[in-house]
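Trainee: Line by line, the protein sequences give chains A and B. Position 70, counted from 1, in the first sequence is what numbering that gives the first Met the number 0 calls 69; the numbers after and before it change by one each time, with no gaps. Position 397, counted from 1, in the second sequence is what numbering that gives the first Met the number 0 calls 396; the numbers after and before it change by one each time, with no gaps.
What the hints contain is simulated information worked out from the structure, not anything from laboratory work. There's no promise every hint is true.
[Unchecked claim] Some, not all, of what chain B presents toward chain A, calculated at C-beta under 8 Å:
hint	residue
1	Gly221
2	Ala224
3	Glu229
4	Arg276
5	Leu280
Every residue gets a Cβ at the ideal spot worked out from N, C-alpha and C, and that includes glycine.
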Amino acid sequence: MSEDRTEAALRQELHRIAPDMEIEDIDREGDLREEFDIDSMDFLNLVSALSKSLGITMPEEDYDQMGSYDAMLAYLKAHTS
Amino acid sequence: MAEFVMPSLGADMEAGTLVEWLKKPGDAVKRGDIIAVVETQKGAIEIEVFEDGVLDAYLVELGAKVPVGTALAVIRGDGDVPAAPKAATPEPVAPAKPDVETVVPEAASAPVTLPPVGAPVAPSGRLRITPAARRLVAEKGIDPATLTGTGPDGAICLADVEGAKSGVPAKPASEQPRTGGFDMGAMRDAIAAAMARSKREIPHYYLSHRSDLTAAEAFVAGRNAGKPPEDRILIAALFVKAVAKALKKYKEFNGHYENGAFRPGESVHIGMAINIRGGGLVAPAIHDAQDLDLDTVMDKTRDLVARVRAGRFRAKELSDPTITVSSLGERGVEALFGVIYPPQVAIVGIGAPVVRPWVVEGQVVPRSTVTLTLAADHRVSDGHRGGLFLSSIDKHLQEPEKL
Numbered sequence: 000m001s002e003d004r005t006e007a008a009l010r011q012e013l014h015r016i017a018p019d020m021e022i023e024d025i026d027r028e029g030d031l032r033e034e035f036d037i038d039s040m041d042f043l044n045l046v047s048a049l050s051k052s053l054g055i056t057m058p059e060e061d062y063d064q065m066g067s068y069d070a071m072l073a074y075l076k077a078h079t080s
Numbered sequence: 000m001a002e003f004v005m006p007s008l009g010a011d012m013e014a015g016t017l018v019e020w021l022k023k024p025g026d027a028v029k030r031g032d033i034i035a036v037v038e039t040q041k042g043a044i045e046i047e048v049f050e051d052g053v054l055d056a057y058l059v060e061l062g063a064k065v066p067v068g069t070a071l072a073v074i075r076g077d078g079d080v081p082a083a084p085k086a087a088t089p090e091p092v093a094p095a096k097p098d099v100e101t102v103v104p105e106a107a108s109a110p111v112t113l114p115p116v117g118a119p120v121a122p123s124g125r126l127r128i129t130p131a132a133r134r135l136v137a138e139k140g141i142d143p144a145t146l147t148g149t150g151p152d153g154a155i156c157l158a159d160v161e162g163a164k165s166g167v168p169a170k171p172a173s174e175q176p177r178t179g180g181f182d183m184g185a186m187r188d189a190i191a192a193a194m195a196r197s198k199r200e201i202p203h204y205y206l207s208h209r210s211d212l213t214a215a216e217a218f219v220a221g222r223n224a225g226k227p228p229e230d231r232i233l234i235a236a237l238f239v240k241a242v243a244k245a246l247k248k249y250k251e252f253n254g255h256y257e258n259g260a261f262r263p264g265e266s267v268h269i270g271m272a273i274n275i276r277g278g279g280l281v282a283p284a285i286h287d288a289q290d291l292d293l294d295t296v297m298d299k300t301r302d303l304v305a306r307v308r309a310g311r312f313r314a315k316e317l318s319d320p321t322i323t324v325s326s327l328g329e330r331g332v333e334a335l336f337g338v339i340y341p342p343q344v345a346i347v348g349i350g351a352p353v354v355r356p357w358v359v360e361g362q363v364v365p366r367s368t369v370t371l372t373l374a375a376d377h378r379v380s381d382g383h384r385g386g387l388f389l390s391s392i393d394k395h396l397q398e399p400e401k402l
């Protein structure tokens, strides 16, 4: 999967959960949940959707590697390449 | 023959707009079927039918805004004959159905006599005024006959009375901005009405207790390990279950206070406070939480959150919670003291987990902790029992495998 498609998948799922937020407006290194104002259920739904669309497991132990937008993107790229 | 009526979806609801029929005249309906969608201050609500039969006729046009209690359709029971044409019905048009003018049943704790009025009256011979407006009229000593109603059929609603006070006409709710199926202005008004009533009528008392989350977090981590995300549970499911279990023994926190008396809930329907993006919140129910296992509680929570986000949930879910649980999740502050949602009698608040020094067997160790709070109705219970209830929730959280 190309890097562009990975980021497109992340943007798409974030938009579905937080349609009122623009990726351009957020701090990409800030806390993902704070930046997008998502709660633990939203986050679980985000992980569920990404895990399905990208075909990766994203175990709970790895959640701390998904703390910001950039960290999440790096994690997804590392696990889909 | 039964009438399918506009339900009351909470103490703050006065009217709803019929926006969709999901069954046609002649269709068979079963108890629990969703047959219509109603737009309310809380978004689009799916309304279910309470008997088996056949939908005989619509009584209200699509798009009509009608008060709570108005018949929307006729449901013919299995033994009934089809309705005779309307002209053949000899009885007067005013049927023996609930008093539509008084659109929301009010607790007897605020008895108010309507001052006698002379001037404009509805055809029924009564002034059309909602109970909340009626009470405010009495409080302020305003003659309701001088007011212009903007509610359904010209009924005087709270906003009209408030408008009269300040000399500003009430602003129609439809001018307010909308977000994702919700009329945000109307929702704010609904929350304001319910919370103001709560603070006016319910003598709250508050308790707080800190609970060690180590066992619960380890249980969730162990249970989620190796599972795909859609099968994982959140610790919130444990909180719901722990509250439901504690309520088995402490029944005075589960139920409704209406007409001057407490009516214990027959089952535990836990209202989950769910915030709405852009502002506002709703607390739809997880029904019969005492009988559900953790996975089912989790599935139901997930489903409720999804539907709240989409602005669509069911009438029953909004109208019948017997207690509310409000959880701040993993972000935010460590304690939250709730305002009881009338006619409920208690709300359990769950703060964000915090790691703090904790003494375990004489040693100070870092532990993940959560602050549990209880706001309860002093007309129904006292702090002593409240404390036992709150510590019972804590005890259940220490034995997550038994939840």
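Trainee: State for each hint whether it applies.
Mentor: Consistency of the hints with the structure:
no.	hint	verdict
1	Gly221	10 Å, violated
2	Ala224	7 Å, holds
3	Glu229	5 Å, holds
4	Arg276	6 Å, holds
5	Leu280	12 Å, violated
Violation of the numbered hints given earlier is confined to hints 1 and 5; the remaining hints are satisfied by the structure.
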